[in-house]
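Counting in this note's numbering, the sequence shown runs from 6 upward without gaps.
Watch out, some of these pointers could steer you wrong.
No more than 20 Å apart at the CA atoms, straight line, and that leaves these computed lysine to any residue pairs for SDA-like [to be verified]: (1) K119 / Q140; (2) K119 / A143; (3) K119 / A83.
Calculated directly from the structure, the hints in this document are not laboratory data.
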Amino acid sequence: MTITSRPPTDAELDWLRSAIELAAQSRANGNHPFGALLVGPDGALLLQAENTGRTDNDATGHAERNLMTAASRRFDAALLARCTMVTSAEPCAMCAGAAYWSGVGRIVYGLSEKRLGELIGPHPENLTMDLPCRQVLAAGQRDIEVIGPALEDEAASGHVGFWG
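Put together the whole structure using the sequences plus the hints.
Here is the structure:
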């Protein structure tokens, strides 16, 4: 797996802000505040997804998993390998696995799993794992570029007061 320490580009930061806005929309829709986008190789928005855990009564309804399921149904592996998943928070182990299995080539994320865990604490609806997505992806055989955390304070703002 490729681990990148470079800072995100201006375009990636713009997409990340869009994912953070989608997370706020998810919260407004009664779900956990997470949002994810699929950006094509030309920089165009291909898909977006928000968390649907509460409204669908599905503990696996994470924004990233929802996005990768829709993406793998709609696009072929060759295209997905050139796409970027942009997400408001670091993908959990399940969502990192979904990104891996879909074959997406790059992940850009905002809030780190560690910081998310500090914000949430032991909330029964989101018992975060101290398992960085880089560690999950490193166990695989695909190269996936990972960029983040970035804009953590902006990404964290949607969680303030939510997990009470």
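Here is what the structure says about each hint:
Proposed proximity of K119 and Q140 is supported: the alpha carbons are some 13 Å apart, at most 20 Å. Proposed proximity of K119 and A143 is supported: the alpha carbons are some 18 Å apart, at most 20 Å. Under the criterion of a C-alpha separation no larger than 20 Å, the hint pairing K119 with A83 is inconsistent with the structure, at around 32 Å.
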